[in-house]
Amino acid sequence: MSSRPDDLDINDEYKYGFHDPEVSVFKPEKGLSEELVRAISAKKDEPEWMLEFRLKALATFYAKPMPTWGSGLLETINFDEIYYYLQPVEEQGSSWDDVPEYIKNTFEKLGIPEAEKKFLAGVSAQYESEVVYHSLQEEIEKQGVIFLDMDSGLREHEELVRKYFATVIPAEDNKFSALNSAVWSGGSFVYIPPGVEVTIPLQAYFRINAENMGQFERTLIIADEGSRVHYIEGCTAPTYVSDSLHSAVVELIAMPGAQLRYTTIQNWSKNVYNLVTKRANAYENSLVEWVDGNLGSKLTMKFPCVNLLGEGAHGEILSVALSGEGQHQDAGAKIYHAAPRTTSRITSKSISKSGGRSSYRGMVKVLPGAVGSKVHVECDALLMDENSRSDTYPTMEIAEEDVQVEHEARVSKVGDEQLFYLMSRGLTEEEALVMVVNGFIEPFVKELPMEYAVELNRLIQLEMEGSVG
Amino acid sequence: MSDQTPIFEARGLRVAIEGKEILRGVDLTVERGQVHALMGRNGSGKSTLAYVAMGHPQYEVLEGQVLFNGHDATEMDTDERARLGMFLAFQYPMVIPGVTVSKFMHSALKARAEGGNVQLREFREKLSSAMDLLGVDKSFTGRYVNEGFSGGEKKRLEILQMFMLEPSFCILDETDSGLDIDALKTVAEGVNATRSAERSHLVITHYQRLLNYIAPDVVHVMMDGQIVRSGGPELALQLEEKGYEWLEDELLQPAGA
Chain A
1 MSSRPDDLDI NDEYKYGFHD PEVSVFKPEK GLSEELVRAI SAKKDEPEWM
51 LEFRLKALAT FYAKPMPTWG SGLLETINFD EIYYYLQPVE EQGSSWDDVP
101 EYIKNTFEKL GIPEAEKKFL AGVSAQYESE VVYHSLQEEI EKQGVIFLDM
151 DSGLREHEEL VRKYFATVIP AEDNKFSALN SAVWSGGSFV YIPPGVEVTI
201 PLQAYFRINA ENMGQFERTL IIADEGSRVH YIEGCTAPTY VSDSLHSAVV
251 ELIAMPGAQL RYTTIQNWSK NVYNLVTKRA NAYENSLVEW VDGNLGSKLT
301 MKFPCVNLLG EGAHGEILSV ALSGEGQHQD AGAKIYHAAP RTTSRITSKS
351 ISKSGGRSSY RGMVKVLPGA VGSKVHVECD ALLMDENSRS DTYPTMEIAE
401 EDVQVEHEAR VSKVGDEQLF YLMSRGLTEE EALVMVVNGF IEPFVKELPM
451 EYAVELNRLI QLEMEGSVG
Chain Z
1001 MSDQTPIFEA RGLRVAIEGK EILRGVDLTV ERGQVHALMG RNGSGKSTLA
1051 YVAMGHPQYE VLEGQVLFNG HDATEMDTDE RARLGMFLAF QYPMVIPGVT
1101 VSKFMHSALK ARAEGGNVQL REFREKLSSA MDLLGVDKSF TGRYVNEGFS
1151 GGEKKRLEIL QMFMLEPSFC ILDETDSGLD IDALKTVAEG VNATRSAERS
1201 HLVITHYQRL LNYIAPDVVH VMMDGQIVRS GGPELALQLE EKGYEWLEDE
1251 LLQPAGA
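So the protein lines, in turn, are chains A and Z.
Read in our numbering, the first sequence has 379 at position 379, and its numbers run on one by one without any break.
Read in our numbering, the second sequence has 1193 at position 193, and its numbers run on one by one without any break.
Read the hints as simulated data drawn from the structure, not as lab findings.
A portion of the hints provided could be inaccurate.
[Unchecked claim] In silico EDC-like links for lysine to aspartate or glutamate, alpha-carbon gap of 20 Å or less: (1) Z/K1103 <-> A/E451; (2) A/K446 <-> Z/E1147; (3) A/K64 <-> A/D224; (4) Z/K1103 <-> A/E442; (5) Z/K1103 <-> A/E430; (6) Z/K1110 <-> A/E465; (7) Z/K1103 <-> A/D173; (8) Z/K1103 <-> A/E447; (9) A/K413 <-> Z/E1122; (10) Z/K1110 <-> A/D173; (11) Z/K1103 <-> A/E455; (12) Z/K1110 <-> A/E447.
[Unchecked claim] Some chain Z residues flagged as far from chain A (calculated, every beta-carbon gap over 12 Å): (13) L1062; (14) Q1065; (15) E1075; (16) D1077; (17) R1112; (18) Q1119; (19) G1151; (20) L1184; (21) Y1244.
Bear in mind the structure is a predicted one, so any value in this text is a computation, not a measurement.
Where a beta carbon is used, it is the ideal one built from N, C-alpha and C, also for glycine.
Bound conformation, chain A alone:
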């Protein structure tokens, strides 16, 4: 195309596909085994109960069949070809100067240290299986906020972790939560004390570097009564011929009156299986929001969930998925109304292009007793061409009479008349497409902090290049 913004490097359509030479201090063999699980636990010097938890989870993983309802791509995962644990450095740094030069350079390319200086309260950077850098602003720490990698969380706050760990998502929830429970490493542990409002976001960044790597971070966030926090997660990986696996478990707990927002911008390279379990327990008058953007990966299966357990709790799930050639974004949302006068809103937007496939899979349940609850579900799919595909699988089970339920679903195609209109104002066809797509996801983008909104629009623009046939 003739006009292309100068600030874009278009030589590589996925600009985070580079990789560092692999240097690790501990790298067990490929494949999964009980010995491996014991080795990870021993390496981390974990308490006995955690080792037992892991071993039990491993047995569950072996026992559970692969889900049959998901994407056919699931069948192509070879669990024997994956490295389940890889320790990149001996010690975690609290200053970027403590981090090995090549890893620091990688995170600089990803813009993390810069973002940290500008607008983040705390940063956690995970490389392979371990968090290599961690920081939290002093004044926030002074308020009693805990923001640690999960391993340090377990060491330093064992009682708190033991009380809540795997209470929202038990290991046996599904095959991949079992896998994560067996081999988890890294992730974040966050605790916000009652009444404390953290007004600027905390961010965790996950980077896979090695080929055939499996990353299994584990995150637990507890927002105590009346507190407030926004946690952001970003992820990228190099482009390899063979596949990597990312299988996280994220548990959120919003105590009465708490406000907890979890934002994800998932931009894995297109050789990553991204199979993630995310769930929140929301108590009385609390607010939980999942803001979930999926651009990368080969296959994503992710259905963020909110259990509305206390009266007046509100759950919000806002997601965007973009799937291109060879990609399947199987994303969705789950809400369980288990208390009176609980409210929820699901907004799902998907874009399919160049033969990509997007699915919305949703589950809304209003349980007996959840009187006066309100549900609003909105699914919008945008198809960029004839080869691409979008499916919607909504399920609703409503066990109460006095409930307000709304569901809207729309599939639209980028119209020739829309493009003609925009081009008649001087925009090239590609610019016109980008404008239509960015407009389509605007309700999502406007929920992001400014810097992420800019980045997301730019990523969309990169993805749209070459879409004009």
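Got chain A; can you put chain Z on it based on the hints?
Quick look at chain Z alone, frame taken from chain A:
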């Protein structure tokens, strides 16, 4: 090209859509600085001429040429025509969900600016003064393009764009249809305010009403895919008075009778 070159010419234009011939040999020349009115009944081919002038991909040029500023534009892409200075105010402007008027206008200006850069501050000032001049509400800028706009608001936005983009040739495709008198005046003011020696307008209309506010230099009447008569402003008045049947009857009479 010298200043004598017409800004726009259609030469022997035959155009079809989905295999059906709509324009059956149209010749039209618009000189610089002129306002031409193109009148005719619904279905006579007026809008087709507008779309073809702008390069709509669904219309097939069977024969003839579109010239812009003396250059053959028949095969040009729509965006290229736009960047060269052609503008079409749509009869049915499109909704672009999630894109604000401000963002849309800024992008359109950037698309035609040297180096693709338009200072945000300058842009805001220009937009603000254009809105003042056209009496467009300031809340427009933050609204999504044409989403939930009334008929009149849509047309005002078209005129605002025409004003901002400073084209050298503006086609207004039945911009007056469905407008109340206030909106009609906005449209007319937009045209009159952009009227200059460097800018020409082709005003497509079904009724004479708009021409009370915009004085055309030349009036053309289209019937069944051809321009059947051209004349001065008096032609529009005659049509208003006597109806299209009058012209049809005249045309049916053998020459010299």
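Now the hints, each set against the structure:
Distance restraint check for Z/K1103 and A/E451: the Cα-Cα separation of roughly 17 Å lies within the 20 Å cut-off, and the hinted pair is therefore satisfied. Between A/K446 and Z/E1147, the direct Cα distance comes to roughly 18 Å. Compliance with the 20 Å bound is thereby established for this hinted pair. Pair hint A/K64 plus A/D224 does not hold up; C-alpha atoms about 34 Å apart against a cutoff of 20 Å. The hinted pair formed by Z/K1103 and A/E442 meets the criterion: a straight-line CA distance of about 12 Å does not exceed 20 Å.
With a C-alpha separation of about 16 Å, the suggested pairing of Z/K1103 with A/E430 holds against the 20 Å cut-off. A C-alpha spacing of about 19 Å is found between Z/K1110 and A/E465, which places the hinted pair at or below 20 Å, so the restraint holds. Between Z/K1103 and A/D173 the CA atoms are separated by roughly 46 Å; this puts the pair beyond 20 Å, and the hint is violated. Taking the CA atoms of Z/K1103 and A/E447, the gap is about 18 Å. The hint holds against a cut of 20 Å.
Taking the CA atoms of A/K413 and Z/E1122, the gap is near 35 Å; set against the 20 Å cutoff, the hint is violated. For the hint pairing Z/K1110 with A/D173, the CA-to-CA distance comes to about 52 Å; that exceeds 20 Å, so the pair is violated. Taken as a hint, the Z/K1103 and A/E455 pair is honoured in the structure, with Cα atoms around 17 Å apart against an allowance of 20 Å. The suggested pairing of Z/K1110 with A/E447 is violated, with an alpha-carbon distance near 26 Å, which exceeds 20 Å.
For Z/L1062, the shortest C-beta to C-beta distance to chain A comes to about 20 Å, beyond the 12 Å cut-off, and the non-interface label holds. Every CB of chain A lies more than 12 Å from the CB of Z/Q1065, the least distance being 20 Å, so the non-interface label holds. For Z/E1075, the requirement that its beta carbon stay farther than 12 Å from each beta carbon of chain A is met, with the minimum near 15 Å. Its beta-carbon lying about 7 Å from the closest one in chain A, Z/D1077 breaks the requirement of being farther than 12 Å from that chain.
With a least beta-carbon separation of about 5 Å from chain A, Z/R1112 fails to lie farther than 12 Å from that chain, contradicting its non-interface assignment. Every beta carbon of chain A lies more than 12 Å from that of Z/Q1119, the smallest distance being close to 16 Å; the non-interface claim holds. Distance to chain A confirms Z/G1151 as a non-interface residue, since its nearest Cβ pair spans about 16 Å, more than 12 Å. Listed as outside the interface, Z/L1184 is consistent with that label: its C-beta sits roughly 23 Å from the nearest C-beta of chain A, beyond the 12 Å cut-off.
At the 12 Å boundary, the C-beta of Z/Y1244 stays outside the reach of chain A, the nearest C-beta of that chain being 29 Å off.
Of the numbered hints listed earlier, those contradicted by the structure are 3, 7, 9, 10, 12, 16 and 17.
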